Structure formats: structure tokens, C-alpha cells
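Peer 1: Below, each chain spelled out in residue letters.
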Amino acid sequence: MQPRTDAKICGMGHAMRRKEDARFIRGQGHYIDDVQLPGMLFLDIVRSPFAHAKITAIRTERALKVPGVLAVITGETLAKYNLHWMPTLSADTQMVLPTEKVMYQSQEVAAVIATDRYAAADGVDAVEVDYEPLPVLIDPFKALAPGAQVLRTDKKDKKDNLAFHWEAGNRAATDRAFAEAEVVVKEDFYVPRIHVASIETCGCVADFSPAEGKLTVYMTSQAPHAVRTVFALVAGHVGLSEEKIRVISPDIGGGFGGKVPVYPGYVIAVAASVVLGKPVKWIEDRMENLQADSFARDYHMRTELAAKRDGTMVALRIRTVADHGYTNASANPSKFPAGLFSICTGSYDLKQAFCEVDAAYTNKPPGGVAYRCSFRVTEAVHAIERITDVLAHELRMDPAELRMKNFIRPEQFPYRSVLGWEYDSGNYPAALRLAMDKIGYAALRKEQAEKQARGELLGIGICSFTEIVGGGPSKDFDILGLKMFDSAEIRVHPTGKAIARLGTKSQGQGHETTYAQIVAEELGIPAAHVQVEEGDTDTAPYGLGTYASRSTPTSGAACAVAARKLREKARKIAAHLLEVSEEDLVWEPGKFSVKGAPQKAKTIQEIVFAAYTNYPKGMEPGFEASSYYDPPNLTFPFGSYVCVVDIDRGTGTVKVRRFLAVDDCGNIINPMIVEGQIHGGLTQGLAPALFEEMSYDENGNNQAGSFMDYLLPTAVETPHWETDKTVTPCPHHPLGAKGVGESATVGAPPAIANAVVDALAHLGVRNIDIPITPEKVWRILKEKGVAE
Amino acid sequence: MSMHKVELKVNGVPHSAEVESRLLLVHLLREVFRLTGTHIGCDTTHCGACTVLLDGNPVKSCTVLAVQAHGREVMTVEGLETGGKLHPIQQGFTEKHGLQCGYCTPGMMMTGFALLARNQQPSEQEIREAISGNLCRCTGYLNIVKAVQYAAEQLEKGASHAA
Amino acid sequence: MIPSSFDYHAPSDLPSAVALLVKHGEGAKVLSGGQSLLPLLKLRLGQAAHLVDVGRIPGLEYVREEGGMLRIGACTRESVLEGSEVVRTRYPILFETTKVIADPVVRNRATVGGNLAHGDPANDHPATMLALSAQVVAVGPNGERVIAIDKFFLGLFSTALAPDEILTEIRVPSPPPRSGGAYEKLERKVGDYATAAAAVQVTLSPSGAVERVGIALTNAGPIPVRAGAAETYLRGKKVDDAAIAQAARLAGGASSPRADRRGTVEYKREMARVMSARALKRAVERAGGH
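Chains as they are written, first to last, in the numbering used here: chain D, 1 to 788; chain V, 1001 to 1163; chain H, 2001 to 2290.
Heads up, some of the hints might be wrong.
Heads up, incomplete: computed chain V residues facing chain H, CB under 10 angstroms, no partners named [stated by the list, open to error]:
no.: 1; residue: T1045
no.: 2; residue: L1054
no.: 3; residue: T1111
no.: 4; residue: A1114
Hint data in this document are derived by calculation from the structure and do not stem from the laboratory. Computed from a predicted model, the values in this text were never measured in an experiment. For glycine and all other residues, C-beta sits at the position ideal for the given N, C-alpha and C.
Modelling step: build the complete structure from the supplied sequences, incorporating the hints.
Peer 2: This is the structure:
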């Protein structure tokens, strides 16, 4: 699709080089740890070595003697202000600092305030805490078993460890379909706990000014407005009032969902600043980040697929046990405690489906929907795409052929899934066909057969996913009651330059460029002349932030709508300037001209100038518009990925020989940025597929609490990604765009897992849970007698 | 706990400070000299966000004591641009979309800069190996490789013009 | 992330450095590249009241062949070893070893001496030096002494170095003709310690039989492991695939690793076997046999 604007205006479709790069490549990014305020103090946190223990004493005398240490804050301190517990984003409750017991290893126990970070570290070392260990519950199945020790003793009347039960679909009809099915395959998939591990950890600088009664918090937050409102609701009783709270998200070094929750560290820093009347900085170090912050996944999915012998899928049934840690602090929309898991029917025309999720409390950190998961879509797609391959192998059918047979057909869109989603648009066969052509699928199958005959192991894995993003329409979507609209406010100055402010918050997605391109597209003002700002709640319009690939679908739409309002105003001014009626005007990017007399024209710059100097009688002066956009539906990006792996028979190491990703995110604002998002998403899909896992021993000790054992792939482990696209516009989005940030993280792990299983299927292997470590593969090779 | 006077050049400019023995070089640069382009991303010497050049070689400044840099020359990301002109490595990262959140970028560019100083035509594999001590979560590395390749081409053009 | 306080000393000659170690005793630690010591101090896992930085002492960084051996100054950076033409061409086992230590940026600071003196069996040089029958030179208050590498590693983080001694040089015998060596490391990703690794240095007789062989394993026990039974088995034999497989089996049997995230004991031992086989094959090829 050729861009409609030229390179100077640089609207949609241009690979505009990013405006934000200018400061980053000079080392002039402004991240939270770069914030330095006069008199600023440092906060560091004492953490529990135990996963479950009573706190019998906290002694602070030694710590208070450390030079530079000013104060030690405990749960008792906060309890005086009723701030020792706070609500979570899922309407559960979470400790800020404990007064009775700790419930996960590395839980915050006390906080030290000092004049510099070195003294704060020494102070933390000097705080003495006595613990009485309690029995630890790590296994969510054990936690849900009758008679299990009740963990949430803070909840009166709670007699079990069930955080919630959720279901979708018609259980009876689905059970009937299974009972009557010709073929049923069943597999247990465990998608383990992982952690976003953005290179920048979390932190804040809380700055309370007693004179003004105003709190400013610089914070690594993907959703600054929501945080502001939460602070006002939670701490209103200690005098924090929403108009006097300012949250500033500066440059953020990667979010991926890990910077959505309100961590105890933020709240303690705010409390400390309010009490001491000085700025307080808290920056967690990496081990704290890995061991205490919001995790992702941890879904045990018993997955069943019923089909006819000819491969027609008939019904899907998934029973999930979800490990939520000690409290439900996941940032899901309130009506969807298991996120958008009911997308699990995927890209297939399934007539019956039922899924249910039982969430368990365990002695682990809370969280659940970080790591680029689109609100549990990674888990759902893993289940459907893996079980599809299990079915293919059961039926001895080619996995591509099985998918083609069952895809929702292009003419069925908009398509209402049996679990209630209205998919906006899609062309699944085209994407898969393109992927297969580009990877040379037939030749690879031939090579696979030849290799197998020689005892060599080559695998080909496909994943054809449907994503669901853009949360979301107000009738279904809210977080803590806040509807999930988003916003844009555009103001154009007399000399034709603009500023756009939005309610989302980039953490690397390139919003300063892409939103400018949207304004350029709609108004013809060069994107280079459009300043984009996000993240300061004093100036940005209210929004729910950036995560779950929602920015383009919500704020991107708002930006287009606001720009179109301005274009309509421009039309009126142009008519006035050209002395014609509005109907006589023709728009091309950047200019209104008179029909049939193109030399009679006014540029957008001339029009904007006139908005301040020569506007029609009765018209409001100035040139400004805003939009709060309530999306009519979610959007459904999709794609087909093909992964080719070779397996080392000696070590079990999986080498990704090739990985081809065909993505469709509708109309594209900036193809360079979209491609970058896909590369990054693929790498964060490779990582959980082969490397990353956050696991615990039976005492709740974290087994991967640093980068020594939590394995982020380097450039050497990461393949040379191959990408391509199809374009199926979104019918309900003003720009036809869909959002793309998480597609690749959703699509890559099943493609890789399918490839490895495919390499071993002839030996009778049906499933290997991710991460597919060399040892897991080697054990299978050994068991099958084919290890080197 | 001993205090030491450290004198060193940072981006060609003499700096000095009175520091604790235990002060890490990354903190000397960020907190004392207020050069905040060098970042901290981990505590086990894995991520490389803190990479600077010490006497021309990339090192992880979180695992060097400030006192060890006494009398030495340090180059940080702030030293790449000279006379208002971006270095080709910086141009490459912008041109090829080699950064997203920008947090690993200074470290990546310093490693890339040093690679090109000793290997003017690195292969893709050589680039990947050279940056294997620098972690990125956003880009998936491919555009970082392309950024370094672009910089290599620009440097060669510049060299052939100068010749 | 932030170490406890300590005193720092940067002596400009060896006698002063030794004197500091004598003065401060167990409370002093030698700082060389710092890439093992500083991470420990930052996590407050190790304690040191005094750091004695040997990095300012001239004459401890060199790589040169002389007198029938390769002499490496203890403060030589790994990256210098990696870039050395003589190492790459005449001691490929050393080249392969240094190239897989940590990552390339860490290798600009890490030193060969530090990699040995730290006494960590997970470090890569110890096994290679065992396979090479290297020697190290230590300087203390009583002067200089030469320690054979197979007497050097005593236990986990424990070497034959006295608390008041400093490692100054590593000596690798120059290989005779028909020699070859290789280091094969299995790691989960670049920068990791070995899941299993094997160092092999072999010299063949004119008829192609094994005249001398050294096989040692990394991260296979509290100290680097010499696969003596495998060496005995190979000595005097003509090397073919079956011999390699058997030697590798014996080498794997010498491995007694600890289970951790890198693998179970069983997997690690089997990988020691597989790494030994691959290193043997390559070493023998380089020696001109096979």
C-alpha cells in the first residue's frame, strides 16, 4: 500500500526515522534514575528470605546508627495511616509492608531512608528481623486441594485458597460434543512463570511539597493516570487529593506490562516523602525486580480438542489452574479475571467451546499479566496452537493442512466466536500460505524425511494465531471501574506547528513518531512539526496507558478522530478564506482547494494561522480538538509463523535454523516500527520457549532470582528473524489499524514448541513443556534410544 | 573505609573527585559527574547497560571500581558526538531503528564503536558475538546488527574520502 | 548491588603488594580483573576489609613464547589472550578456552591469573591448564616459587596460594610436533558457566599412537577434574572413533557435578562425556591423526 502523503508530510505508511532517538543516542534520555532533586533521599528495602513466615521482631537500632540513615519504616509505621495494605488492580488486597507475616520470598519487610544509596544499602544490611517460618504452599494444585492450609488469613471467612473461578462458554453443549466426537486429543500444557526483565528496573521519585500540599511522583508507570487516581482513592484519607497529585512517567526503559502494577516500593516512597517533606528516590535492583515484581503466565492448562476423523475441529475444552501468587494483583480488566483467555478458540471455526480457570493463592509474588501477553492471550494461543498440532499428529495430517481446513474463512468476517468475541477482520489462509511459500515448506518437509532416514532431527513448527487487543469497549472493559477508553488532544500553533498529548505512555514503542504520523496523515502537517507528549498527568488527557497492544487501537484512534475534527474546522476556515462554500472544497493532505480551480487553495498552515487571525464570524478562535475514544470493539491482529529447528542429538540443544513471521496488523502507521516490534516480540517469544523460567523449590526459594539463572537470550542465541506481512484493515478503526506490539510474543512460543515436537513426533513424542531446555530434549532422546 | 582522589579523563575532559574505595565506576560517572547516559540494568555483570570504554576497551562499569579508573581515559556515550556531529554508530542506530526504549543503547553503541575500531568489516556473526555481553529486550538484536553494519559502511566511506 | 566498605590499596610493585598481604592477613584479597571478586562483593557474599589491586604493578601483562614454553603474565586480560596470534595458532586449546569465558566485554577486564587464582572449578582456564600440564609462578614474602598446576587446586575456592602470595605468571609447555588441543564447552547461553566442558591436549607419536594426553573437565566437581582413567586408556593407542567413544565414557565417569539449573547430575555427566568426545576428536584432528 503506497502512502497517501509524501515524504515531507510523512503520514501513514512511511518508515519515518524516530524523533525520540535524538536524545537516546546522545545518552540524554531522561529515565527515572536520572531524576535528581535537591535534598533527595534514597529508599532501599529489606526483604524476606522466607516464602512464608511470621515476623516476630524488627530491630532497627543498628540500622539507625549507620551514617546517613535517617529512618526505618515498617508495617507498624504505615498502619498508623492505614497504608499498610492497599487494593490491587484486581480488587484484591496487597500488603505494602507486613505487620504480621510475609507471604513470598523477597517480600518487602521494612524500608530504610538514607541520604545516599550507599548508606541506604548499608542500612538495609543492618536491619534485624526475626522470623518464625510457616509451612509453604508452592504447588497451586495442592493449594486448591480440600483441607489445604489457608494462606489468606487476613481475609475473614476465607476457607480456601481459591482466588477466583471464571468460565466462558456452554459447558453442557461442549461436553456433549466431546462425548459424540470421533476423535479426541488431550494434553496438559504448563506455561511457566516468567518475568519481563526490562533492562531498566522499576523505581520512582516521590516528591511531596508540604507548602503546596502537592505530591509529584516520577514513576516507571505504563499507566500514570490510573496510578494517580488509585493514589487519590487509597491515600485520600491522609490528605492526598487528586488535583494535587502529579504522576510523571519520564522515559521508560521497557515496560512489557511489568510497569503497570503499583508496587509497594512506590507507596512506601510516597509515604516517606509525605512524612519527611523531602523527595525520596526508590530504584530497585535487578534481583529485587526478578524476585518480587509482577510475573507472567503460570497457567496449567488441561486442553482437549474434539474433531471428526477428517480433521474438522468440533469442540474445545480447557480447564486451567492459575497460580496467582499470594494475592490477585494482575492488571486485568475487572470483568475478565482470566484476561482474554476465551480467545482460545483461536483462528478456527469451532462450534463449541468451554474454558474455565481456577486461580490459586500460593506463597509466591503476585501478578500475572506482564510480559507482553495481551491479557493471557499468550497462554490461550499456546493451548490452541499446541493442541492443533497434537491433533495433526494424531490424525497423521500435515499441520498446515489441518489449519487450512479449519480456519475461519475470510468471508465469515466479522466473525462471532462461540465464546463471544466478534473478530473484526482476517484472512488466515493468505497469511499461512505466504509463510509457507517464503520458508519453502514443501522442500523442508522433503528434507525432514531425508534427515529422519539418517537419524537426524529436523522439525518444522507452525503457529497461526489470532490476537485480541485494544482493550476496550466501555460496555465490557474497565480496570477498577475506570473504563478503558483513551484520549488525544491536539493543538496547532499559529505558525502551523502542533502539539499532541495522549493518555497512553510509550516505553519504546515510538509514539513520539507514530502519533505525529497520524496527525500528518489526517491534517497534512509534516510529522516533523508535530510534538508528541505523554506521561505527565498534569497535562496529558486522561487515559489508561500503554500495555496489551492498546495504544494504536485506542489513542491512535482518538488521535485520528481529533485530527479529523480539526480538519473539519479547517474546511470551514478555508471556505471562509477562499470565499466558497464548504462543499466546493477538495482536500488533499495539507491543502484545501476549490473544485475545478486547484490554483485557488489554502495550505493547512495558512488555515491554521487564520484560526488565530482571520476566522469566520461566530467561530471559536484557536485550533484545538480532543477526543476521548471509546472503541466499539477490540481489534484482532493475526499471523502465521513457521519455525525450523535442528536438534543436537548429543546435547539436546535446539537450534532455530530459520524463523519466518507473517503478521497482519491492519493498516500500518510506520512499517519500520512495526517490524521492530515484531523482532522484539519474537525474541521475547523465543526466550520463554527455550530459556526463561521463574521456578521455586518446595520451600518457596526462588531458583532464578538473577540474570545468572534467569536467562535472557543474547544476540548469539537470537536467530536472524525473517518477517513479512499481509494487510487486512480493521473495519471499525478510523485508520484501519490494529496494534501489533504483542503479536510476536504470542505467536512465537507455540511455533517453536511445535517445531521441536515435530522433530521428535516420529519417536512418539506429543508434548514438551516450555522452556524446552537441552536436558528436557536429551532425556527424550535417551529414553527413545537415539541420544548420541 | 579509605577515601581516594581519582583523576581521570572522561570524553577527553579531565575530571576529579574524592571517592570511597567501594564507589563503582558507573556511579562515579552517573552520580558524581552527572553523565547519566550510562545506565544500570542488573547486579550480576550480565546486562552491559553500563558499558563504557576504559582506555579504548569496552568494560562493564558496574564491575570496575572508580579508583581503578584513576589516571585512565574513559569514553561514554556522551563522547560519541564530536563538534555537533553524530558518530556513524549513532547515525546507524537511528537510521536502522536499532533502539526502542533506548536503555541498552548507550552500552550497545560503545561496544559497537569499539568493535568497528578494531574490525572495519565485521560479519553478522562477528557483530552478534561482539554484542553478546549486551542484553536488549526491545529490538530482538537484528536492527542493532544492521545499525553496526550501517556504521561500518559509513566509516569506510569516510575513510575513503579522507584517503 | 553495592559492596560493603573496604580499604583499597594500589601498590606499584610486587614487594609492596606482598607486604600489604602480609600486613592484613586473611582480611586482604588480591584484586586483579575484578570480574569474579567484585560481583561477589557487590552481592555482599564475600567479605574483604582490604583490596590489594595488583593492576598497577608493571610487568605482569605479557604473552610470549620463550624457553620452550608460553609465558603468560597473570594480569594479562582474556581479550589479549584471545587476540594473540601465537595463542590462536600454536595453542588453539587456549584460544578456544579464553573465547568462551563470560562475554567479550567482561573479557576486557578479566585476567588469566584471576581466572585461576579464584579457585572456582566453574572457571574455564583451570581444566585447560590441567590438560596442558601448566605451571604457575607465585610470589610471596619468601620469594618466588613454581607450582605444578595439578597441585594448585585444592578445594572449592581454595588454591595452593598462601594468603600472602600473588600469582605472577602462568607457564604452558610449548607443544611438540603432532600435537593438538581443543576446549569444548556446553553452556546455556553466552556468558554462562559450563553445563559441562572438556579440555583435551594430545601429542601423537610418528605412528599416530597417543604419546601424551591431558583431559580435564570444567565444573565437574569442587576442583577441576583430571580424567586420569581416560588418559591412561588412550596412552599408546591409535585413536579411532571407538577409542574416542570409550575415552569419552571414562572421562564422563570422572565427572561428579552438582545438580543445579544447568542440569541434573546425570545430564551433566553425560554432557561431560559428549564434550570430551568432541574435544578429543578435534584435538586429534589438529594433531594430524584421524
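Peer 1: Please go over all the hints and tell whether each is borne out by the structure.
Peer 2: Structure-based check of all given hints:
1. Residue-level restraint check for T1045 of chain V holds (minimum Cβ-Cβ distance to chain H is 5 angstroms; threshold 10 angstroms).
2. The beta carbon of L1054 of chain V is positioned within 10 angstroms of a beta carbon in chain H (closest approach about 8 angstroms), and the interface hint is therefore held.
3. Restraint check, T1111 of chain V versus chain H: the minimum CB separation of about 6 angstroms is within 10 angstroms; hint holds.
4. Restraint check, A1114 of chain V versus chain H: the minimum CB separation of about 9 angstroms is within 10 angstroms; hint holds.
No hint from the list above goes unmet by this structure.
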